[in-house]
Amino acid sequence: MRAARALVLIALAGCGADLQVDRVCVTSPSYTVASTRVPGVTTAPLPPILLAFTMGSAIPDLTRSGVHDVHVLFRSIALDSTQSTAFVTTLTVKAVPPFGSTLSKATLGTYQRPAAGAGTSIEVTSDGTDVFPYLQSGRLVLELSGAIDPSQAPSGTFTAGAQFCAEVQGSVSYL
Amino acid sequence: MEGGRSFDADLRSPLSGLNFPAAMRASLSSAGYTYVSALFGLELGDPERTTFFVRAGLTRAWSTLNGIDHFANGSGSVLNSSPIHLAAWAPAASIGLAVGIW
Numbered sequence: 000m001r002a003a004r005a006l007v008l009i010a011l012a013g014c015g016a017d018l019q020v021d022r023v024c025v026t027s028p029s030y031t032v033a034s035t036r037v038p039g040v041t042t043a044p045l046p047p048i049l050l051a052f053t054m055g056s057a058i059p060d061l062t063r064s065g066v067h068d069v070h071v072l073f074r075s076i077a078l079d080s081t082q083s084t085a086f087v088t089t090l091t092v093k094a095v096p097p098f099g100s101t102l103s104k105a106t107l108g109t110y111q112r113p114a115a116g117a118g119t120s121i122e123v124t125s126d127g128t129d130v131f132p133y134l135q136s137g138r139l140v141l142e143l144s145g146a147i148d149p150s151q152a153p154s155g156t157f158t159a160g161a162q163f164c165a166e167v168q169g170s171v172s173y174l
Numbered sequence: 000m001e002g003g004r005s006f007d008a009d010l011r012s013p014l015s016g017l018n019f020p021a022a023m024r025a026s027l028s029s030a031g032y033t034y035v036s037a038l039f040g041l042e043l044g045d046p047e048r049t050t051f052f053v054r055a056g057l058t059r060a061w062s063t064l065n066g067i068d069h070f071a072n073g074s075g076s077v078l079n080s081s082p083i084h085l086a087a088w089a090p091a092a093s094i095g096l097a098v099g100i101w
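Going down the list, the protein sequences come from chains A and B.
Going left to right, the first sequence walks through residues 0 to 174 as numbering that gives the first Met the number 0 numbers them.
Going left to right, the second sequence walks through residues 0 to 101 as numbering that gives the first Met the number 0 numbers them.
Please keep in mind that the hints were generated in silico from the structure rather than gathered at the bench.
Computed from a predicted model, the values in this text were never measured in an experiment.
There may be inaccurate statements among the hints.
Said to hold, decoys possible - If you want the ones that stay clear, here's a sample from chain B, every Cβ over 10 Å from chain A, calculated:
{"hint": "1", "residue": "Gly2"}
{"hint": "2", "residue": "Ser28"}
{"hint": "3", "residue": "His84"}
What the hints assert, rightly or not - Cβ pair distances, simulated, as ranges:
{"hint": "4", "chain 1": "B", "residue 1": "Trp88", "chain 2": "A", "residue 2": "Arg63", "range": "29 to 37 Å"}
{"hint": "5", "chain 1": "A", "residue 1": "Gln135", "chain 2": "B", "residue 2": "Leu41", "range": "34 to 42 Å"}
{"hint": "6", "chain 1": "B", "residue 1": "Leu43", "chain 2": "A", "residue 2": "Arg22", "range": "50 to 58 Å"}
{"hint": "7", "chain 1": "A", "residue 1": "Arg63", "chain 2": "B", "residue 2": "Leu57", "range": "19 to 27 Å"}
{"hint": "8", "chain 1": "B", "residue 1": "Gly56", "chain 2": "A", "residue 2": "Thr89", "range": "38 to 46 Å"}
{"hint": "9", "chain 1": "B", "residue 1": "Ser15", "chain 2": "A", "residue 2": "Pro47", "range": "38 to 46 Å"}
{"hint": "10", "chain 1": "A", "residue 1": "Leu49", "chain 2": "B", "residue 2": "Gly40", "range": "56 to 64 Å"}
{"hint": "11", "chain 1": "B", "residue 1": "Val35", "chain 2": "A", "residue 2": "Pro46", "range": "34 to 42 Å"}
{"hint": "12", "chain 1": "A", "residue 1": "Val32", "chain 2": "B", "residue 2": "Ala21", "range": "31 to 39 Å"}
{"hint": "13", "chain 1": "A", "residue 1": "Asp129", "chain 2": "B", "residue 2": "Ala21", "range": "31 to 39 Å"}
Unchecked claim - Now the stretches of chain A that chain B is said to cover, found in silico as 3 or more residues with beta-carbon under 8 Å:
{"hint": "14", "stretch": "18 to 30"}
{"hint": "15", "stretch": "59 to 67"}
Ideal placement from N, C-alpha and C gives every residue a C-beta, glycine not left out.
Starting from the given sequences, assemble the full structure and let the hints guide the process.
This is how it looks when you write it as structure tokens:
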């Protein structure tokens, strides 16, 4: 009986699944931004903005037994606005390490306002930096910074939303 | 060696031992899979008529599950995904009777 149980355990030890999802996207709730147009001023730094995305429920949990080789490869972040985004000249997206981590911020991608003009959305894409080490309790914090053109900023308030997309890979096994 | 394709079925119970991400568990409720098995075992009887067999081995299975359509993630954020690709190793065993009909 003991030998049979050992055989079953050995069989199950080799039993697992590799999962891959080309695109997992988290859409954050929209938020309202207050803005003031400043005629004559064409460049100003954009103070760092922190955006948090909760994606733990779509990622294998390394703290559970049998979970290993987890990767979350950054693919894109899209920012949508109810107003033109022409006031954003450049944008750099960085992953912020968890509190107490020895990691440094990782640059995920940059945006440069197109010469042809901007619409109401900004997309920053990447070839796939692994941001899994930057997750804390399934939550990823991104820092947006860059430069703006205040002479083209919307007057009053506007609504903005963000969508973060990544490729998720991982292995789960019984033991 | 044997292989095949299963019809869509609810795989949540057979795969409950795997620590699947919470948002993806619903995708297991209707999934088919393609498999190839390598089995070794014993066959007793007359190969021309009735044979009793016991086999065990390993299976490699592939499945593409439906993506996450809309998973409320707390704090107002929403998750969705493209289809989920799975490739799994699993032990396989079969026991039965093979009856020759001609």
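- Message: Given the hint of 31 to 39 Å, is the C-beta distance from Asp129(A) to Ala21(B) inside that range or not?
- Response: About 22 Å separates the Cβ atoms of Asp129(A) and Ala21(B), which means 31 to 39 Å is violated.
- Message: Using a Cβ cutoff of 8 Å, are there at least 3 residues of the stretch 18 to 30 of chain A near chain B, or does the coverage claim fail?
- Response: Held - the stretch 18 to 30 of chain A has 11 residues with a Cβ nearer than 8 Å to chain B, which meets the minimum of three.
- Could you check that no beta carbon of chain A comes within 10 Å of the beta carbon of Gly2(B)? Holds, since 18 Å exceeds 10 Å.
- Message: Can you tell me whether the CB distance of Gln135(A) to Leu41(B) sits inside 34 to 42 Å?
- Response: Given range 34 to 42 Å: violated, Cβ gap about 54 Å.
- Task: Using the beta carbons of Leu43(B) and Arg22(A), state whether their distance is inside 50 to 58 Å or not.
- Result: 52 Å, holds
- Kindly confirm whether 56 to 64 Å is satisfied by the beta carbon distance between Leu49(A) and Gly40(B). 60 Å, holds
- With respect to the beta-carbon atoms only, verify the hint that Gly56(B) and Thr89(A) lie 38 to 46 Å apart. The hint (38 to 46 Å, Cβ to Cβ) is violated, given that Gly56(B) and Thr89(A) are roughly 58 Å apart.
- Query: Does the claim that His84(B) lies outside the interface with chain A hold up, using a Cβ gap greater than 10 Å?
  - Reply: 5 Å, violated
- Status of the given 29 to 37 Å range, CB of Arg63(A) versus CB of Trp88(B): Given range 29 to 37 Å: violated, Cβ gap about 19 Å.
- Task: For Val32(A) and Ala21(B), compare the CB-CB distance with the range 31 to 39 Å and indicate the outcome.
- Result: 32 Å, holds
- Message: Looking only at beta-carbon atoms, does the pair Val35(B), Pro46(A) fall within the given range of 34 to 42 Å?
- Response: Taking Cβ atoms as reference, Val35(B) and Pro46(A) lie about 57 Å apart, which means the hint is violated.
- Query: Are 3 or more residues of the stretch 59 to 67 of chain A near chain B, judged by a Cβ distance of less than 8 Å?
  - Reply: With 6 residues in contact (Cβ-Cβ under 8 Å with chain B), the coverage given for the stretch 59 to 67 of chain A holds.
Of the numbered hints given earlier, the model fails hints 3, 4, 5, 8, 11, 13; all others are met.
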